[in-house]
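Enquirer: Sequence:
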Amino acid sequence: MFFYCRSQDATDLLSEDLVMVEQRVEPAKKAAQIIYKKLVGCLQSQQGLDSERRMKKLPLMMLSVSMAESFKDFDGDSSIRKVLEMCCFMQNFLARTLADFEMKLEKEVLVPLNKLSEDDLPEILKNKKQFAKLTTDWNNARVRCKLLCNMCLTFRSQASTGPQAKQDGLREDVEEAWKRLESIKDQYSADLYHFATKEDEYASYFIRLLDLQAEYHKASYEFLEKNITELKESHSHTEKVFGEPLLSHLQSCGRKIAVPIEECVGMLLRTGLREEGLFRLAAAASVVKKLKSCLDSGTVDHNEFSFDPHAVAGALKCYLRELPEPLMTFELYNEWFKAAAEKETDEKLKQLRTVLQKLPTENYNNLKYLVQFLSHLSEQQAVNKMTPSNIAIVLGPNLLRPRSEESVYSLLDMASASSVQVVAVIEPLIQYSKSLFPEGTGILHKSWFTVVKTAINNFNYNFNRITSRILFLLFHVYNSLMSLNGNMACKQIKDFKFFSKCFILSLFCL
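Mapping of the sequence shown onto the working numbering: residues 46 to 555, in sequence order.
A couple of the hints might just be wrong.
Pairs of lysine-lysine, BS3-like flavour, derived with a Cα cap of 30 Å [stated by the list, open to error]:
# : residue 1 : residue 2
1 : K149      : K178
2 : K127      : K383
3 : K301      : K337
4 : K230      : K301
Here are the in silico distance ranges between beta carbons for each label pair [claimed, not checked]:
#  : residue 1 : residue 2 : range
5  : A329      : G288      : 18 to 26 Å
6  : L276      : D120      : 16 to 24 Å
7  : L326      : Y266      : 38 to 46 Å
8  : E270      : Q89       : 18 to 26 Å
9  : N185      : V64       : 48 to 56 Å
10 : A327      : Q89       : 21 to 29 Å
11 : F251      : K335      : 58 to 66 Å
12 : L326      : A386      : 25 to 33 Å
13 : E267      : K243      : 15 to 23 Å
14 : A327      : Y266      : 28 to 36 Å
15 : P447      : G288      : 14 to 22 Å
16 : S297      : D391      : 37 to 45 Å
17 : N185      : Q89       : 50 to 58 Å
18 : F375      : R253      : 52 to 60 Å
FYI, nobody ran anything at the bench for these hints, they're computed from the structure.
The beta-carbon is built from N, C-alpha and C at its ideal position, and this holds for glycine as well.
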């Protein structure tokens, strides 16, 4: 053994590969400790519990329990109860999913990370410290031996066996220190090689963390997406109708005529046809707002609003005005004006029919329904003062308008067009509705049929039975007349309708 070489560090005794591995051990321990603590802080439940006990401690489970207690106070038909009941079930599922995720996280990530930072890597670092100490001991023994050898050379002329014996003892110390160093070096090298082979496995703990998070979030997302879609579909009938596109509203409720149009027309047919200034005079804003809310929720009390026809007319105007695209569409805006500009009546009607055929089916059906009602309303102009021209003035801007612009100039243009050109379009539609919509003559018959039926259903049966039976008789007679054809049937229907109106109105005045 060479005793007199220079002093060496512990790293000098390791290969370059092991030195590189050695430099990763301390950062690995630090990373494992920090990430373990932060992950434990992310847990929403207590460590070491089984799935059921863990789930009970989760905030999501407490939320589910609160929802379950809350929906019990509602009746079975309440929309809030139905939604809360579904939300309760969904929060319960999410809590169970989270509990399962945290159990897997604890078993597959937290426990291995804790073992790595508290057992495996500290053992390697302990051997590293021992290796460094024994390297220092070996270097010190070599230094002492070298100093003694130098002294022996200086005093070689002196005959003495003492220094030689001491030198032999120091050499034995160096050899003993080297043996201990070699032993710890072998053990430490083995630890480093083991760490190098396990490094990919240690890295996989963090990959497993991401996998578990992905599985948890994916399961939660798929569950939420499926159930939220079903929840929305089951409650689509309560969706807002004001301000919604016509087509989407009709598709969601499975109707051909928009709810506000059909409901308002029905109530106006019942009590509003002879109301002076209908659509022109404003109603109380609070009543209109209440009716709009009722129409949005699908719960309209006809008895409450039928006797305030101005409020009903105001709600109908609001619906038409708040449509994202007017009933007569933006696209055909200029074509309507072009058709109405024709001088000859026959040619004008021909051009109007052409434009009508270009309307989307849903717009055409609703416009036909509305215009036919307005035509019926204008027949009572001697009483209600609402001529086709007057109706066109107050309703026209809600039915036909250009795409809105931001500039004041364009708004002034739109107002000017509404007061002149729009009236020229809407007025002939009302005047010649029977000619323009020949296939739609049964709509108001159906509406009147509904009025009679509604009057019967809503009739106060505290009146005597004879009156009630007369109403039923009117109902069946009208139903029979509707099955007849020809001019005679039309005259009979007209006379019957007049008699029925007078009779029903007289009942309401009692």
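Enquirer: Could you run down the list of hints and mark each one as holding or not?
Expert: Okay, the hints, checked on the actual structure:
1. K149 with K178: 42 Å, violated
2. K127 with K383: With Cα atoms ~53 Å apart, K127 and K383 exceed 30 Å; violated.
3. K301 with K337: Judged against 30 Å, a Cα distance of about 20 Å means the pair holds.
4. K230 with K301: Violated, at roughly 89 Å.
5. A329 with G288: 18 to 26 Å: Given a distance of about 21 Å, which is inside 18 to 26 Å, the answer is holds.
6. L276 with D120: 16 to 24 Å: 19 Å, holds
7. L326 with Y266: 38 to 46 Å: Violated: the Cβ-Cβ distance is about 54 Å, outside 38 to 46 Å.
8. E270 with Q89: 18 to 26 Å: 23 Å, holds
9. N185 with V64: 48 to 56 Å: For V64 against N185, whose Cβ atoms are near 23 Å apart, the range 48 to 56 Å is violated.
10. A327 with Q89: 21 to 29 Å: 56 Å, violated
11. F251 with K335: 58 to 66 Å: 59 Å, holds
12. L326 with A386: 25 to 33 Å: Given range 25 to 33 Å: holds, Cβ gap about 31 Å.
13. E267 with K243: 15 to 23 Å: 36 Å, violated
14. A327 with Y266: 28 to 36 Å: 50 Å, violated
15. P447 with G288: 14 to 22 Å: 19 Å, holds
16. S297 with D391: 37 to 45 Å: Cβ of S297 to Cβ of D391: about 41 Å, so the range 37 to 45 Å holds.
17. N185 with Q89: 50 to 58 Å: Holds, at about 56 Å.
18. F375 with R253: 52 to 60 Å: 57 Å, holds
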